[in-house]
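Numbering (this note's numbering), first residue to last: 1 to 329.
Read the hints as simulated data drawn from the structure, not as lab findings. No residue lacks a Cβ here, since even glycine has one placed at the ideal position from N, Cα and C. Heads up, some of the hints might be wrong.
To be verified - For lysine to any residue, the following SDA-like pairs were computed, each having C-alpha atoms within a straight-line distance of at most 25 Å:
no.: 1; residue 1: Lys271; residue 2: Tyr237
no.: 2; residue 1: Lys20; residue 2: Thr31
no.: 3; residue 1: Lys285; residue 2: Lys271
no.: 4; residue 1: Lys180; residue 2: His245
no.: 5; residue 1: Lys45; residue 2: Leu133
no.: 6; residue 1: Lys75; residue 2: Ile233
no.: 7; residue 1: Lys116; residue 2: Ile96
no.: 8; residue 1: Lys180; residue 2: Gly147
no.: 9; residue 1: Lys180; residue 2: Asp137
no.: 10; residue 1: Lys15; residue 2: Ile195
no.: 11; residue 1: Lys106; residue 2: Ala131
no.: 12; residue 1: Lys75; residue 2: Asn13
Said to hold, decoys possible - Simulated restraints, written as ranges between beta carbons of each label pair:
no.: 13; residue 1: Ile182; residue 2: Asp247; range: 16 to 22 Å
no.: 14; residue 1: Phe208; residue 2: Asn160; range: 19 to 25 Å
no.: 15; residue 1: Ser287; residue 2: Lys225; range: 47 to 53 Å
no.: 16; residue 1: Phe208; residue 2: Lys20; range: 25 to 31 Å
no.: 17; residue 1: Thr3; residue 2: Glu265; range: 48 to 54 Å
no.: 18; residue 1: Thr31; residue 2: Gln166; range: 42 to 48 Å
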Amino acid sequence: METNKTITIEGENVKPGESKLLNISIDRLPTGTLIDIPVYVFNSKKPGPTLLIQAGLHGDEINGIEIVRRMMTEKRFNVTSGAVIAVPILNIFGFIHYSRDVPDGKDVNRSFPGSKTGSMAGRIAYHYTSAILSQVDFGIDLHTGGGQRHNFPQIRYTDNDERSEQLAKVFNAPISFSSKLIKGSFRNAAHQLKIPTVVFEAGESMRFDDYSIIEGMQGVLNVMKHFGMIETIEPKYIERNKTVHLDDRKWLRAPTAGMFIPKTENGSKIKKGQILGIVSGPYAKRSKIVKAPMDGLVFCINHQAVVNRGDALFHIGVPTNEGVIQADR
Numbered sequence: 001m002e003t004n005k006t007i008t009i010e011g012e013n014v015k016p017g018e019s020k021l022l023n024i025s026i027d028r029l030p031t032g033t034l035i036d037i038p039v040y041v042f043n044s045k046k047p048g049p050t051l052l053i054q055a056g057l058h059g060d061e062i063n064g065i066e067i068v069r070r071m072m073t074e075k076r077f078n079v080t081s082g083a084v085i086a087v088p089i090l091n092i093f094g095f096i097h098y099s100r101d102v103p104d105g106k107d108v109n110r111s112f113p114g115s116k117t118g119s120m121a122g123r124i125a126y127h128y129t130s131a132i133l134s135q136v137d138f139g140i141d142l143h144t145g146g147g148q149r150h151n152f153p154q155i156r157y158t159d160n161d162e163r164s165e166q167l168a169k170v171f172n173a174p175i176s177f178s179s180k181l182i183k184g185s186f187r188n189a190a191h192q193l194k195i196p197t198v199v200f201e202a203g204e205s206m207r208f209d210d211y212s213i214i215e216g217m218q219g220v221l222n223v224m225k226h227f228g229m230i231e232t233i234e235p236k237y238i239e240r241n242k243t244v245h246l247d248d249r250k251w252l253r254a255p256t257a258g259m260f261i262p263k264t265e266n267g268s269k270i271k272k273g274q275i276l277g278i279v280s281g282p283y284a285k286r287s288k289i290v291k292a293p294m295d296g297l298v299f300c301i302n303h304q305a306v307v308n309r310g311d312a313l314f315h316i317g318v319p320t321n322e323g324v325i326q327a328d329r
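Make a model of the complete structure from these sequences and hints.
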């Protein structure tokens with residue numbers, strides 16, 4: 001009987017039928033404390049694809065970290081065919097500093113494929129790329145909105161990449177759309193190696209959002225079920241006929257500096273001319289209304305209460321279909 005392939009990380013083998021916690025050595029803190037990237041490998045005996053599920057590429061984006069943690073706690077990665085490589089926290093340095101970046105201010109997600117002798121961010125990207133990417137067939141990269149911007153659960157795939165688009169459809173998040181590759185990003189590095197990858201964005205940094213976490217778990221389970229890695233999905237977290245696909249997208253920005261008061265909920269449909277929010281001065285002498293420039297829906301809201309002129313307030317999009325925008329929370 002044919003068996004699955006052996007997965008090797010940092011010289012350590014995970015044979016078919018084995019599950020192991022491995023570590024990718026990165027660097028030391030100024031105290032001399034060694035920092036590793038913990039990598040969990042769940043390798044089944046039966047042949048199948050290898051799925052990479054990673055979180056914490058930005059250290060302050062903790063919803064993705066919780067998705068991976070819960071799925072490991074519930075033993076969701078005990079696949080019956082293929083293998084799962086699960087990385088709960090890719091950017092350990094950022095996580096312990098409550099930061100998006102590493103201590104030198106560089107963004108790991110702008111540093112791929114990295115450099116063996118480069119900056120800290122570059123070395124993290126290099127060692128991770130070398131150890132992981134050659135062994136996976138497709139990947140799911142878990143993120144949240146940066147700063148205090150709250151992303152309604154959404155899946156992003158690569159422009160003109162049919163395989164990542166198909167992966168996004170299988171994931172079946174509330175909202176999906178294509179986005180351009182960013183130089184130095186993990187998704188770009190994976191694309192260059194012909195590894196289809198999608199990005200799940202949900203919630204905001206340093207805040208748990210249970211609805212976002214559950215949506216992420218459901219999406220990962222959908223992918224594993226589709227590729228025959230698991231036989232059933234129990235319990236069924238979210239039921240949805242189809243995702244809402246967005247075409248045009250637009251950021252609405254603060255028309256003036258002041259205190260920002262949203263007047264609509266994230267994930268809601270909007271009509272052209274509808275009042276979405278107000279930016280008001282602290283002394284009640286001036287205020288400006290932010291109106292919807294078109295019909296569509298809101299899929300990101302800035303939760304920063306005090307804003308400057310030009311700050312992004314709402315991300316809105318135009319749906320191309322009538323899917324289910326919002327499930328029961």
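Hints and how they fare:
no., hint, verdict
1, Lys271 to Tyr237, "violated (31 Å)"
2, Lys20 to Thr31, "violated (29 Å)"
3, Lys285 to Lys271, "violated (28 Å)"
4, Lys180 to His245, "holds (16 Å)"
5, Lys45 to Leu133, "holds (21 Å)"
6, Lys75 to Ile233, "holds (12 Å)"
7, Lys116 to Ile96, "holds (23 Å)"
8, Lys180 to Gly147, "holds (21 Å)"
9, Lys180 to Asp137, "holds (21 Å)"
10, Lys15 to Ile195, "holds (23 Å)"
11, Lys106 to Ala131, "holds (21 Å)"
12, Lys75 to Asn13, "holds (21 Å)"
13, Ile182 to Asp247: 16 to 22 Å, "holds (20 Å)"
14, Phe208 to Asn160: 19 to 25 Å, "violated (35 Å)"
15, Ser287 to Lys225: 47 to 53 Å, "holds (50 Å)"
16, Phe208 to Lys20: 25 to 31 Å, "holds (28 Å)"
17, Thr3 to Glu265: 48 to 54 Å, "holds (50 Å)"
18, Thr31 to Gln166: 42 to 48 Å, "holds (46 Å)"
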